[in-house]
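Asker: Sequence:
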Amino acid sequence: MWLAAPRARVAVVYSADNVFAWSGQPQSDAFLFDNEAHRLYRPFWRTGVPVDVVSADKLDASALVYDEGALAYRVLVLPAPMLLADSVLETIERFVESGGSVWVGFR
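All the letters of the sequence shown, read from the start, carry residue numbers 1 to 107 under full-length UniProt numbering.
Calculated from the structure, these hints are not laboratory results. Please note: incorrect hints may appear among the correct ones.
[What the hints assert, rightly or not] Cross-link-like lysine to aspartate or glutamate pairs, in silico, EDC-like; alpha carbons within 20 Å at most:
{"id": "1", "residue 1": "K58", "residue 2": "E90"}
{"id": "2", "residue 1": "K58", "residue 2": "D17"}
{"id": "3", "residue 1": "K58", "residue 2": "D29"}
{"id": "4", "residue 1": "K58", "residue 2": "D86"}
Note that the structure is predicted; figures quoted are calculated from it, not measured.
Produce the entire structure from the sequences given, and follow the hints as far as they go.
Answerer: Structure follows, in structure tokens:
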């Protein structure tokens with residue numbers, strides 16, 4: 001096991017639909033979605049915490065909470081979520097109810 005890659009305990013939720021929505025409805029000339037995602041990711045990177053990027057399209061309860069109740073991640077990062085499917089929101093609710101934390105950017 002000592003040769004295994006470190007297991008990420010943090011996941012950034014990436015949604016192509018969300019990125020597209022922000023590009024179609026910019027809030028200001030100063031806002032870029034990528035900058036917001038990096039702003040939330042940077043504290044983990046600076047301290048050497050491994051981070052996975054998880055597609056919102058493939059996010060379901062089994063990706064975050066195992067059958068026995070153990071969490072796949074401790075923290076979910078949602079950079080500037082403008083829109084998320086109801087199924088994704090339900091998955092995130094179950095994750096939080098199981099003891100996970102969520103970092104959410106503005107919106």
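Asker: Against each hint, give a clear statement of whether it holds in the structure.
Answerer: Consistency of the hints with the structure:
For the suggested pair K58 and E90, the alpha carbons sit about 13 Å apart, so the restraint of at most 20 Å is met. In summary, the hint linking K58 to D17 is supported, as the alpha carbons are separated by about 13 Å, within the 20 Å threshold. The straight-line distance between the Cα atoms of K58 and D29 is roughly 31 Å, outside the 20 Å bound, and the hint therefore fails. For the hint pairing K58 with D86, the CA-to-CA distance comes to about 13 Å; that is within 20 Å, so the pair holds.
In this structure, the one hint that does not hold is number 3.
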